[in-house]
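Could you put the whole structure together from the sequences, leaning on the hints where they help?
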Amino acid sequence: MLNAVLAAFVLAFAAPLVARHMPRQVGTIAALLPAGIFVWLLNQAEMALGPGVVERWPWSPLPGVALTFRLDGLSLLMALIISGVGALILFYAGAYMHGQAQAGRLYALLLAFMASMLGLVLADNLIALFVFWELTSITSFLLIGWHFQEERSRAAALQALIVTGGGGLALLAGFVLIGLVGGTWEIAELSAQAGTLQDSVVYLPILLLLWLGAASKSAQFPFHFWLPGAMVAPTPVSAYLHSATMVKAGVYLLARLSPALGGTSEWSLLFMVTGLVTLLLGGWLSLKQNDMKRMLAYSTVSSLGLLVTLLGLGTKLATEAAALYLLAHALFKGALFMVAGAIDHATGTRDLRRLRGLAGALPTSALAAGLAGLSMAGLPLLAGFAAKEFIYEAALFSGGGVWILTLLLLAGNVAFVVVAQQMTLRIFAGASLSFESFHAPAIPLWLAALVPGALGLALGLLPDVTATLAGAAARAIYGAPVTIHLFVLPGSVTPMLLLSALTIAAGILLYRRRVQLEPWLNWLDQGARLGPEGAFQRLVEGLPHFAARVTALQQNGRLRSYVLWIVGTWLLLLGLTWALRGGPGLPANLLVRLSDLRFHELILVLVILAGLASVMLANTLMTLIVSLGVVGIGTAIVFILFGAPDLAMTQFSIETLGVILFVLVLYRLPGVVRLSPRRTVLRDSILTGLAGAVITLMILIITDLPLVSPLKTWFAGASEPLGHGHNVVNVILVDFRAIDTLGEITVLGIAAIGIFALLKLRPGRKVAEGKDGP
Amino acid sequence: MTSIILVVATRLIFPLMLMFSLFLLLRGHDAPGGGFVGGLMAASAFALFALATSVTRARDALRRSTFRLIGIGLLFAFVSGLPGLFAGSPFLRALWTSTELPVIGKLSSVLLFDTGVLLVVVGVTLTIVFAMAEADEEEEE
Amino acid sequence: MEVALAIVIGALYAAGLYMMLRRSMVKLIAGLVLLGYASNLLIFVVSRLTRARPPLVPEGAQGIAEPFADPVPQALILTAIVIGFGLQAFALVLVRRAYQAVNNDDLDQVTASDRPDLQQ
Numbered sequence: 001m002l003n004a005v006l007a008a009f010v011l012a013f014a015a016p017l018v019a020r021h022m023p024r025q026v027g028t029i030a031a032l033l034p035a036g037i038f039v040w041l042l043n044q045a046e047m048a049l050g051p052g053v054v055e056r057w058p059w060s061p062l063p064g065v066a067l068t069f070r071l072d073g074l075s076l077l078m079a080l081i082i083s084g085v086g087a088l089i090l091f092y093a094g095a096y097m098h099g100q101a102q103a104g105r106l107y108a109l110l111l112a113f114m115a116s117m118l119g120l121v122l123a124d125n126l127i128a129l130f131v132f133w134e135l136t137s138i139t140s141f142l143l144i145g146w147h148f149q150e151e152r153s154r155a156a157a158l159q160a161l162i163v164t165g166g167g168g169l170a171l172l173a174g175f176v177l178i179g180l181v182g183g184t185w186e187i188a189e190l191s192a193q194a195g196t197l198q199d200s201v202v203y204l205p206i207l208l209l210l211w212l213g214a215a216s217k218s219a220q221f222p223f224h225f226w227l228p229g230a231m232v233a234p235t236p237v238s239a240y241l242h243s244a245t246m247v248k249a250g251v252y253l254l255a256r257l258s259p260a261l262g263g264t265s266e267w268s269l270l271f272m273v274t275g276l277v278t279l280l281l282g283g284w285l286s287l288k289q290n291d292m293k294r295m296l297a298y299s300t301v302s303s304l305g306l307l308v309t310l311l312g313l314g315t316k317l318a319t320e321a322a323a324l325y326l327l328a329h330a331l332f333k334g335a336l337f338m339v340a341g342a343i344d345h346a347t348g349t350r351d352l353r354r355l356r357g358l359a360g361a362l363p364t365s366a367l368a369a370g371l372a373g374l375s376m377a378g379l380p381l382l383a384g385f386a387a388k389e390f391i392y393e394a395a396l397f398s399g400g401g402v403w404i405l406t407l408l409l410l411a412g413n414v415a416f417v418v419v420a421q422q423m424t425l426r427i428f429a430g431a432s433l434s435f436e437s438f439h440a441p442a443i444p445l446w447l448a449a450l451v452p453g454a455l456g457l458a459l460g461l462l463p464d465v466t467a468t469l470a471g472a473a474a475r476a477i478y479g480a481p482v483t484i485h486l487f488v489l490p491g492s493v494t495p496m497l498l499l500s501a502l503t504i505a506a507g508i509l510l511y512r513r514r515v516q517l518e519p520w521l522n523w524l525d526q527g528a529r530l531g532p533e534g535a536f537q538r539l540v541e542g543l544p545h546f547a548a549r550v551t552a553l554q555q556n557g558r559l560r561s562y563v564l565w566i567v568g569t570w571l572l573l574l575g576l577t578w579a580l581r582g583g584p585g586l587p588a589n590l591l592v593r594l595s596d597l598r599f600h601e602l603i604l605v606l607v608i609l610a611g612l613a614s615v616m617l618a619n620t621l622m623t624l625i626v627s628l629g630v631v632g633i634g635t636a637i638v639f640i641l642f643g644a645p646d647l648a649m650t651q652f653s654i655e656t657l658g659v660i661l662f663v664l665v666l667y668r669l670p671g672v673v674r675l676s677p678r679r680t681v682l683r684d685s686i687l688t689g690l691a692g693a694v695i696t697l698m699i700l701i702i703t704d705l706p707l708v709s710p711l712k713t714w715f716a717g718a719s720e721p722l723g724h725g726h727n728v729v730n731v732i733l734v735d736f737r738a739i740d741t742l743g744e745i746t747v748l749g750i751a752a753i754g755i756f757a758l759l760k761l762r763p764g765r766k767v768a769e770g771k772d773g774p
Numbered sequence: 001m002t003s004i005i006l007v008v009a010t011r012l013i014f015p016l017m018l019m020f021s022l023f024l025l026l027r028g029h030d031a032p033g034g035g036f037v038g039g040l041m042a043a044s045a046f047a048l049f050a051l052a053t054s055v056t057r058a059r060d061a062l063r064r065s066t067f068r069l070i071g072i073g074l075l076f077a078f079v080s081g082l083p084g085l086f087a088g089s090p091f092l093r094a095l096w097t098s099t100e101l102p103v104i105g106k107l108s109s110v111l112l113f114d115t116g117v118l119l120v121v122v123g124v125t126l127t128i129v130f131a132m133a134e135a136d137e138e139e140e141e
Numbered sequence: 001m002e003v004a005l006a007i008v009i010g011a012l013y014a015a016g017l018y019m020m021l022r023r024s025m026v027k028l029i030a031g032l033v034l035l036g037y038a039s040n041l042l043i044f045v046v047s048r049l050t051r052a053r054p055p056l057v058p059e060g061a062q063g064i065a066e067p068f069a070d071p072v073p074q075a076l077i078l079t080a081i082v083i084g085f086g087l088q089a090f091a092l093v094l095v096r097r098a099y100q101a102v103n104n105d106d107l108d109q110v111t112a113s114d115r116p117d118l119q120q
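If you read the sequences in order, they're chains Y, C and D.
According to the working numbering, the first sequence is numbered sequentially starting from 1.
According to the working numbering, the second sequence is numbered sequentially starting from 1.
According to the working numbering, the third sequence is numbered sequentially starting from 1.
Among the clues, some could well be false.
Stated by the list, open to error - Listed next, with one range per pair, are the computed distances between beta-carbon atoms: (1) D:Ile83 <-> Y:Val131: 32 to 42 Å; (2) C:Arg68 <-> Y:Leu711: 36 to 46 Å; (3) D:Pro58 <-> C:Ser98: 20 to 30 Å.
Said to hold, decoys possible - Covered stretches of chain D, going by a simulated chain Y footprint (3 or more residues, C-beta under 8 Å): (4) 52-64; (5) 70-79; (6) 91-100.
No lab work stands behind these hints, which were simulated from the structure alone.
As the structure is a computational prediction, the values presented were derived from the model and not from experiment.
Just so you know, even glycine gets a beta-carbon here, dropped at the ideal spot from N, CA and C.
What follows is the structure in structure tokens.
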């Protein structure tokens, strides 16, 4: 499995090269890999449906962080969708993108996305899953922003990245909590910890974080708005990432974790409410779209809501319905998107109002759309029919609130039937229009759409295959053995069949009366501005303004105000902590401790303080330099008195050199001037005086505490035996901590080069190289 | 700004300071001293020389470009870490010879490292001092 | 002596910060130098003072008998002094060049590099 993921990443890097040399065949060549993976997965199916296939690659020394892959029923279903649709999409993209600039980049990104998505569904370790999760967000960002020259594309890409990336962060936090509580990062082992996880005090926080991650990725309300925006991407991208695969990642995650975390009332409430709101909102919004892709996008949002609802419900029937619908939806929605792309390619428009009677011109696309539309509407003989039967059955046997749930699901399904008719009858039936720039689509543009459409029919006609695939996936979600029984045609009249019939009848009626509905639909527009997308816009626009105002306040370009901010903040935080926590006061034994001060030390202290006063009062540069020298020499004497001869010698040398430096630039420096008004002087005196007093107090408190220094003892004892030196300070510098010293002298060298450059290099003048020659 | 007293005094003090610098370096491992102080002392000697005569003459006395001193110093310090690496120990592990030489004492990778520190400090300090002095001279021209 | 030095260090910090808050360029350098002294002394004092007992191993001995000064902060301060010198030199050159370029020693007049709105 690692090989499959890695091969896709490797081919992703090679794709631009292939595209340059074989622009005609690149799509087909790139499609070979996912097709190969698809075949390999089918080969593994027997094992996967039984005990499951596991691979483990430890890559980090951290315990529990490994690249574990597991192929079970659920990941097999997802991986088959990813590789199967992936192969079709690449084949399709070969014709769709032909002749466009930088098409190689698209194949590269699509393959990289496919590798990440495969990794996501195969990973059996939370950390590995998270890494792949983020990789899909990033590749999705790059693909949405495909037409990066257009402002609209960039904005949509950024919006999707911020929403899904923010959700990803929440998800990481949730994963960490799960790992800490459950004691393992392996997803397979988490199911055994279900009790521990659900009784934990952080169960609710985990659920909410998971909700943020899954809902943002799978475009659930209130994060649904990024998905229609993502339709600015080329159609292969929309068909692949934003209908069949990536947006299913959130749903997949819920399904994957439901044995460990699901089954509680919190779980059901959270995800059923989210799912139902999304189902209805998406369905409602899909009715009023005129752009084919946007309509399909809202319909996808609605479908994702349906899946989340089923997973929230979590009964055996609901998981069966979810698995069936997952499969059926990937097929019909992928096909419909590809048909939309083919029509766009052929006619140059995606506007539903301008498209009519295309059946004559595009018979093969019409066939593909017809099959997909029938499946979407849930008519017998097609995969979508069985899924719908199970959805209604799950609702009818859900236990509580049966009629409300059934009604809401019915409403959502009616919208699907309408969309299915829009994509078939409205576009293809009737008298044909003439288009100026009509050209017949290349074979891949309709063939790639026809294959999943036909597969929907095949799965409907082969109920055993469908039942095996979906049943294995449902078993992984439900956590217990599940067997699905499917029939080609309903044998008897059941409540579910009646509900299906009602759905289709209502859908047809609604489609016929769509003109009368428009005022109703427009009513929702008024609210949209206040909706989550509006809030997101305001947030995104407000943030830079806020940042600019804060920056202008804090960073006005004056060094003084920076210092003021730093000192002020430091004092404020320290003072607050001190006040809130009741920090230590002045130590009581100060006088006793002061009494060990010797006479010569007192003189030294007074000399330093006098030098300091002179620095502050200095009127001329000379006074300033000499006063600084007094303070420096005073410091050196402190070092001598308290057993630090090395420091004293260094300090003396520095003072000498410092004076030489000052002398060299003395006549080039500005004088010592007073510029600040009296009020500023007063403010600064108070603030800095306070800072100094706090430092003094801190030193007094620290030195009053007992100090145990194991380092001191160790270095003193190890210096001679290990370092062969008697001067411990020097041994530390050149032996024990030599690598630090090496770093420091390197920094010194860099500083020297900086100073040299500052002095010698000037704009408009050549460097005087001879001056520093050998 | 050349005064005859400064020139004469410098002529006497300059070699003494350089010898003292070497002395500080060699005894640094056992008594106060070492590469940092030794380097500052040697740099002071050359800075004094430059003040008393001229930067050009100080540069001639130094014989090497100050940048080259920094480079050689860093190279010394780095190379002194390699023997440890080849002996299977971590980088910069100190190694000692058993033979004792007059004046220098036992040869060791540590001494090479400290010499590197000294050269870098001399190079850095003199780069700054010479560059400042030259900038001053140029502007007076 | 720790108490007295605590006061000295407090005064050094106060004076250093005060000088950095001035508009005169030269005072800025003086402030930097003072902060350097203050920080070195701070590290020195908080690791406790020991009078006249440098961390030197006596000839023939394996270790040093207590009390002796802590060598660890000394090693830190030694390099800090040298680096501080580099900083001081850099600041000097910077001020010298800035003064030459803008011909004004009021730091409040040298704000353009930080404000994109003034760099037209």
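Hint check results:
Checked against the given bound of 32 to 42 Å, the beta carbons of Ile83 (chain D) and Val131 (chain Y), roughly 41 Å apart, stay inside it. The supplied range of 36 to 46 Å is met by Arg68 (chain C) and Leu711 (chain Y), whose beta-carbon atoms lie about 37 Å from each other. Restraint check, Pro58 (chain D) to Ser98 (chain C): a C-beta distance of roughly 23 Å satisfies the suggested window 20 to 30 Å. With a cut-off of 8 Å between beta carbons, the region 52-64 of chain D has 12 residues touching chain Y; three or more are needed, and the interface restraint holds.
Coverage of a stretch by a chain is defined here by at least three residues with a beta carbon nearer than 8 Å to that chain's beta carbons; for the region 70-79 of chain D and chain Y the count is 8, and the condition holds. Note: the region 91-100 of chain D has 8 residues with beta-carbon separation from chain Y under 8 Å; the three-residue rule is met and the coverage holds.
Hint violations for this structure: none, all hints satisfied.
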